[in-house]
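Novice: Each chain, letter by letter, is given below.
2 protein chains.
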Amino acid sequence: MEVRRFFSESPVIQQTITITGEEHHHIRKVNRLGPGDPIEIIDGRGRLYTGRIGVTDRHQVKVDVRDTETEERPPLRTIMAPSLLKTKAMNLLVEKLTELGVDQIRPVLYTRTDVDHGIAALKRWQRIAAQSLKVNKRLWLTDIHAPVTLQELLSGSAGPEIKSRILLDLEGKRRFELDSEGPVLCLVGPPGDFTGEERELIARYDFIPSRISDYTLKTETAAIAAAALLEALLPTFSC
Amino acid sequence: MEVRRFFSESPVIQQTITITGEEHHHIRKVNRLGPGDPIEIIDGRGRLYTGRIGVTDRHQVKVDVRDTETEERPPLRTIMAPSLLKTKAMNLLVEKLTELGVDQIRPVLYTRTDVDHGIAALKRWQRIAAQSLKVNKRLWLTDIHAPVTLQELLSGSAGPEIKSRILLDLEGKRRFELDSEGPVLCLVGPPGDFTGEERELIARYDFIPSRISDYTLKTETAAIAAAALLEALLPTFSC
Numbered sequence: 005m006e007v008r009r010f011f012s013e014s015p016v017i018q019q020t021i022t023i024t025g026e027e028h029h030h031i032r033k034v035n036r037l038g039p040g041d042p043i044e045i046i047d048g049r050g051r052l053y054t055g056r057i058g059v060t061d062r063h064q065v066k067v068d069v070r071d072t073e074t075e076e077r078p079p080l081r082t083i084m085a086p087s088l089l090k091t092k093a094m095n096l097l098v099e100k101l102t103e104l105g106v107d108q109i110r111p112v113l114y115t116r117t118d119v120d121h122g123i124a125a126l127k128r129w130q131r132i133a134a135q136s137l138k139v140n141k142r143l144w145l146t147d148i149h150a151p152v153t154l155q156e157l158l159s160g161s162a163g164p165e166i167k168s169r170i171l172l173d174l175e176g177k178r179r180f181e182l183d184s185e186g187p188v189l190c191l192v193g194p195p196g197d198f199t200g201e202e203r204e205l206i207a208r209y210d211f212i213p214s215r216i217s218d219y220t221l222k223t224e225t226a227a228i229a230a231a232a233l234l235e236a237l238l239p240t241f242s243c
Numbered sequence: 005m006e007v008r009r010f011f012s013e014s015p016v017i018q019q020t021i022t023i024t025g026e027e028h029h030h031i032r033k034v035n036r037l038g039p040g041d042p043i044e045i046i047d048g049r050g051r052l053y054t055g056r057i058g059v060t061d062r063h064q065v066k067v068d069v070r071d072t073e074t075e076e077r078p079p080l081r082t083i084m085a086p087s088l089l090k091t092k093a094m095n096l097l098v099e100k101l102t103e104l105g106v107d108q109i110r111p112v113l114y115t116r117t118d119v120d121h122g123i124a125a126l127k128r129w130q131r132i133a134a135q136s137l138k139v140n141k142r143l144w145l146t147d148i149h150a151p152v153t154l155q156e157l158l159s160g161s162a163g164p165e166i167k168s169r170i171l172l173d174l175e176g177k178r179r180f181e182l183d184s185e186g187p188v189l190c191l192v193g194p195p196g197d198f199t200g201e202e203r204e205l206i207a208r209y210d211f212i213p214s215r216i217s218d219y220t221l222k223t224e225t226a227a228i229a230a231a232a233l234l235e236a237l238l239p240t241f242s243c
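Order-wise, the sequence lines are chains A and B. Taken in order, the first sequence gives residues 5 to 243; the numbers are from our numbering. Taken in order, the second sequence gives residues 5 to 243; the numbers are from our numbering.
It is possible that part of the hints are untrue.
The list treats identical chains as one, so a pair stands whether inside a single copy or across any two.
As the list claims (entries may be wrong) - No farther apart than 25 Å at their CA atoms in a straight line, the calculated lysine-lysine pairs in the DSS-like style are these:
| id | residue 1 | residue 2 |
| --- | --- | --- |
| 1 | K141 | K90 |
| 2 | K33 | K90 |
| 3 | K127 | K92 |
| 4 | K92 | K222 |
| 5 | K138 | K167 |
| 6 | K127 | K167 |
| 7 | K90 | K222 |
| 8 | K90 | K177 |
| 9 | K222 | K138 |
| 10 | K33 | K222 |
Hints were generated in silico from the structure; no laboratory data involved.
All chains should be modelled from the sequences, with the hints used to inform the complete structure.
Specialist: Here it is in structure tokens:
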């Protein structure tokens, strides 16, 4: 039986991690684990704790930590910058991009983006990202940023470190042209597409218009397909 | 304003298509179209009708057909054979695979597949496939088959016409090896993976174990990522 892995940002105090809230529920109710059962805890920042469940009650699970592994943060490879989307589509996009191992998600408020979300949405996406680590077995969380405008994205910190810039575009080239070292920044437009003004702005930053399909895709599907393609094409730095 | 496209398998009788049911609702209530509005109708078998809405009432919309385009069925390129999944995951898989333009979906009852669905599910997947044509602008429906066992899939009609066979496998090669002509058959195992017996059976049919990610993916995510990759790598035959 595979040892179950759970997510917790709680500190280790005297060899013990105390887990409450949603993950407490996952451990006790969903997976029906109890005292003595082996368990793994990840913190999304490179640490993997292995141990056994100690004292539990209705509100918390204490984990006796026996061993700690740490992994350095892998080099930045992929930054996806999709339009902010409605709740259901955005949740799906975040779930699949984090599962596929995208390093950063930077939602963009393009001119034709027709939604906005409060800070609660960002917290929800970060929780989704944490759940993805339990699926894909990575040790580092995808960074999910608060939404910014295109201008802010391009002029801000996403700029200088980027080696390849891709603009998803149905009129673009059929293949991705990638600097093999990464990192890659990939823009995915809103339903209704980029405006002419946005295209002019983007053109000033040396993005290569590229298409991943000959068919029109929903924004979330295009972002997921592009992430899958980048994951398959870029070299890996896994330990 | 882009002319809206709807799906109907109703025959053309005296230059008129009569639309009822779900698409009637989409035309009248969701898109608020009425008499005189331009409209496009696709039948999923290569026909695109353009015309205008004629008489409507609470149960039907009559479309006056002005023009008909036909497209021959494109050559078979991609056959995805994922494990049958629970309702929500299966609906997502069907939605995204059809949107990406997969030609055939053949759900498989692998040994560790732990669900089954009645015939109503097949009808629902076919409705999802029809909706995808309205997104991606294809004229031919993805064929969605009733679930079969692995033995039936391999020994049956999916066999002789296939040029490339891919087995999605985390231990497989990092790239897809494709016969550039297609068609490609791609197996995606159930949650819990293939059994040893299944692997032996599959090995007799010259499948190339290939991986699309270094991370563990959910079955539906793996199938979507593989479809995206095949779509990007295979040559297109679009008109």
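Novice: For the identical chains here, do K33 and K90 meet the 25 Å Cα criterion within one copy, between copies, both, or neither?
Specialist: Between copies only: 21 Å across chains, 31 Å inside a chain, cut-off 25 Å.
Novice: Pop the pair K141 and K90 into one bin, within, between, both or neither, using alpha-carbon distances up to 25 Å.
Specialist: Answer is between; shortest inter-copy Cα gap is 22 Å, intra-copy 28 Å.
Novice: How do K127 and K92 come out at 25 Å by Cα distance, when the copy is not named: within, between, both, or neither?
Specialist: both (15 Å within a copy, 24 Å between copies)
Novice: Is it within a copy, between copies, both, or neither that the alpha carbon of K90 lies no farther than 25 Å from that of K177?
Specialist: Close neither inside one copy (29 Å) nor across copies (37 Å); limit 25 Å.
Novice: With identical chains treated as interchangeable, where does the CA-CA distance between K33 and K222 reach 25 Å or less: within a copy, between copies, both, or neither?
Specialist: Only across copies: K33 and K222 sit 22 Å apart there, 36 Å inside one copy, limit 25 Å.
Novice: Please sort K90 with K222 into within, between, both or neither, judging by C-alpha distance up to 25 Å.
Specialist: both (12 Å within a copy, 23 Å between copies)
Novice: From the Cα coordinates, with 25 Å as the cut-off, is the pair K127 and K167 best called within, between, both, or neither?
Specialist: neither (29 Å within a copy, 47 Å between copies)
Novice: Is it within, between, both or neither when you check K92 against K222 at 25 Å Cα-Cα?
Specialist: Cα proximity of K92 and K222: in one copy and across copies (13 Å, 19 Å).
Novice: From the Cα coordinates, with 25 Å as the cut-off, is the pair K222 and K138 best called within, between, both, or neither?
Specialist: between (27 Å within a copy, 11 Å between copies)
Novice: Evaluate K138 and K167 at a C-alpha cut-off of 25 Å and name the case that applies: within, between, both or neither.
Specialist: For K138 and K167, neither the intra-copy (30 Å) nor the inter-copy (36 Å) Cα distance is at most 25 Å.
Checked against the numbered hints listed earlier, the structure breaks hints 5, 6 and 8; every other hint is satisfied.
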